[in-house]
Amino acid sequence: MSEDLDPSRLFDFVKKALGLAVSLFVTFIGLLFVTFIIARIVPIDPVLSILGDRATDAQIAAERLRLGLDEPMWKQFGIYVWQALQGDFGISIRTREPVIEEIARYFPATLELATIATVFGVLLGVPAGVLAATKPGSWADQIVRLVGLMGYSMPVFWLGLMGLLLFYGILDWVGGPGRLDAAFDMMFQFEVTPHTGMILIDTALAGRWDMFANAVSHIILPAGILGYLSMAYISRMTRSFMMNELGQEYITTARVKGMPERRVIWVHAMKNVMVPLITVIALSYASLLEGAVLTETIFGWPGLGSYITDALMANNMPAVLGGTVVVGVVYIGLNMLSDVLYKLVDPRARA
Amino acid sequence: MKLDPVLRQFGAAAMAGLLLGSAPSALFAETPADTLVIADAIDDIVALDPGEAYEFSGLDVVNNVYDGLIELDPTQQGAMVPGLAESWSVSDDGLTFTFKMKPGVTFASGNPVRAEDAAWSLQRAIKLNKSPAFILGQFGWTAENVDSMVTADGDTLTLKVDQAYAPTFLYNCLTSGVASVVDKELVMPNEVAGDFGNEWLKSNSAGTGAYVLKSFKPNEGYILEANPTHWRGPAKIAKVFMQHVPEAATQRLQLEKGDIDIARELTPVDIEGMAGNADVKVQADVGGQIFYLAFNHKNEQYKNEKLLDAMRWAIDYEGMANSFLKGNMVVHQAYLPNGYLGALEDTPYHLDIEKAKALVAESGIENPKIVMDVRNATDRMEMAQSIQNTFGQAGITVELNIGEGAEQLKRYRARQHDATLQSWGPDYPDPHTNASAFSMNANNADDAGTGGLAYRNAYDPGEWHGKTEAAVMERDGDKRKAMYEEIQQAHRSTSPFIVMFQIGYQTGLRANVMDFHTGGATDSAAYWLVTK
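Protein chains in written order, with numbering that gives the first Met the number 0: chain H, 0 to 350; chain C, 0 to 531.
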């Protein structure tokens, strides 16, 4: 019998969807509240950051009025929420462009980098973690743990610079900082329409495979380094989740029944490992989307992390807050997504 | 042990990816011969409209894309040369300036350069009223009167000013980016809601300069292309590609590999590290920013000249400049940076603890104490620690109050600090810019809020206020220079300011790159003379 015809189930679904929407909304308002409070608490005068060092008192008073800073706090917060809901995070103090437009320009670069890094991290980290868990104490396990430990403890700043020095500076295997070589970058700006802002996709859509290859040579090192960090985390978590599952009774039962070991691990145990693992992967993906500030700085990568940091250095609070809200939304979104996925893989949660 | 099949497959794919990636980068190891590739931190750019640009990186673009009536010679610090005006003169009463336009010059668009364009450009800057507009506003021009003060007739441009200022004051201000001549016929059709084309000029250019702006992406870079009809003759290099690379170590790597021609944000450590590499060279310049100590006259002890003198002798200027500030700062002890008219290049003060101790004793102040505001930036904290140490040896106790820059600026402007370590950059290439900030204070009352540096320290310059005012009106260039020298001599020995350093820049270049001029303290970078 088809499930969706059952009225009680449909009602359940609507209730769940509503619950989800409400919790999303409340989380979002909470996020806005926190950023609003931060903006009011930091001892940085927004007026002074706009007008600069040379402004007179009269100019300052006029600007304060224009920004609505004389309104009561609750009203300022109301305006802030209303504008944020419409995607309006104000005007960047530096460039006087809407913050949301700037973020729309920087975010794809980060999205591209973080996605490739996470794919690296998952494809290498999960099998490595499983391998280590199935043969604890073996040399394979030791290697996985050592590689993971190194990824954990080495500063990404150092790793990035050393990576550049070795693979770009000495071996000449990869492209340098930036998203393309100078010559390709100039061509790209005039010959390729930026549909997505993601350079690999845009060059592929334009059929410019020479540029695509050059872009790959530029992204591979920063994505590889971030992927390594993500792999270190994912493999370690996979290992402990898997070891935990392999000690369970149902695994023993399956083994006793004579099921092939591969099937025991990859089907039976994996199904249960997936549940917490999805959360781990989502969190690691979210932290990369937040912008790997140091990696982006070293590699001259025009992403969200360097955008927020630059804004912070310049006391550009609208940009900092807009960026923070976007990061928060990404976190909320990925959390929701992992909840949904979680329900798909976990039969108990589905019921 | 067998590798898991998934792992094995992916390992191969990863290797293939690496190899695929390696091929094209090898093809483009050198920069294209017709392109100058520069790496710099250009996240300070707010605008590329000459009426709005007011940051170092933005003014670099303006300098190469636009010209003014009068220009600064990029090869000679502070020297004025004719730009789009062929000749100029000033009336006997000093209130009217007449400029004759250079004939036969065209904009990059092909439109002829007329006196009308020059007049419109100045009117436009005043009416736009963006950050740098005040430079022109000093001559009494306002949005209401500028159309009658600045007029064009045939090939002649007439500028009326509200007072008989020193002619050099006007000329110097006309060399700044805000006075650039903009192509009226090209810009006006792109005007949106009375913005004089301000929005359009964010990503387009309309000048006579050696280059044309082809593309600008904030925090990524910009591309300039040579203007083939440029009146000085076409630039030596066809394209300029500026890449935003904030990290100094990364710039160094790119420079040493030859992926860029010029690196503008290197640290002294990088410079040292490159020594011995014959493929690269280093060029040292000074910039306009100065670093100084200021003491708030609201605290009576800073009116004691002996104590101030003691502090002047208790700073290890040379020691700092030769150690942690090496390459970043040069010792400089008056408020006009080297390169400005009237700059004092001598450095009379040096570390002399015994002398400082004696002066503290003479001051009659028992165990003087200072609370010094310092921004939480590495070089400033290092400076402050050195000062704290040497002041301590001279018997002056220093407590450091370290904080965020904007927060401290607020305290400084509100005259709430006791003492502070600050920097100041001139606004335009005329001595009045710093002289008015350091030596003038028309109203020392708490509610005056004029924002000048003398005001912020509650310092009443007395007769020097009037003398500074007189200097900006002095019509004889040599006399004017002598006046600034006299004012600064007095300032550095009596005011509650101690100027210590002028900022220095070190540029890394490939060995084949010639004639790159950064503009020093007064001007911006010139790309059009560069060869490689």
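What the hints contain is simulated information worked out from the structure, not anything from laboratory work. Here the structure is a predicted model, which is why all the values come from computation and not from measurement. Here a beta-carbon is modelled for each residue, glycine too, at the ideal position from N, C-alpha and C. One or more of the hints may lead you astray.
Computed, partial: chain H to chain C, Cβ under 8 Å [to be verified]: (1) Asp69; (2) Gly175; (3) Ile297; (4) Gly299; (5) Tyr306; (6) Asp309.
Far from chain C, some chain H residues (derived; all Cβ distances over 12 Å) [to be verified]: (7) Phe10; (8) Asp11; (9) Val41; (10) Leu50; (11) Ser152; (12) Gly327.
To see whether the hints hold, each was checked on the structure:
1. Among the interface hints, the one on H:Asp69 is violated; its C-beta lies about 18 Å from the nearest C-beta in chain C, farther than the 8 Å criterion.
2. For H:Gly175, the interface hint holds, since its Cβ comes within 8 Å of a Cβ in chain C; the closest pair sits about 5 Å apart.
3. A cut of 8 Å between beta carbons decides the hint on H:Ile297: the least distance to chain C is about 5 Å, and the hint holds.
4. The restraint placing H:Gly299 at the interface with chain C holds, with a minimum CB-CB distance near 4 Å, inside the 8 Å limit.
5. With its C-beta approaching chain C no nearer than about 7 Å, H:Tyr306 sits inside the 8 Å limit, and its interface hint holds.
6. With a cut of 8 Å, the hint placing H:Asp309 at the interface with chain C holds, because the nearest CB-to-CB distance is about 5 Å.
7. Every Cβ of chain C is farther than 12 Å from the Cβ of H:Phe10; the closest lies at roughly 42 Å, confirming the non-interface assignment.
8. Non-interface call for H:Asp11 relative to chain C: holds, since the shortest CB-CB distance, roughly 37 Å, exceeds 12 Å.
9. The beta carbon of H:Val41 is not kept farther than 12 Å from every beta carbon of chain C, the shortest such distance being approximately 8 Å.
10. At roughly 9 Å, the least C-beta separation between H:Leu50 and chain C is not larger than 12 Å, which violates its mark as non-interface.
11. Listed as a non-interface residue, H:Ser152 keeps its Cβ farther than 12 Å from every Cβ of chain C; the least gap is roughly 21 Å.
12. Every CB of chain C lies more than 12 Å from the CB of H:Gly327, the least distance being 22 Å, so the non-interface label holds.
In the structure shown, a violation is registered for the earlier hints numbered 1, 9 and 10, in ascending order.
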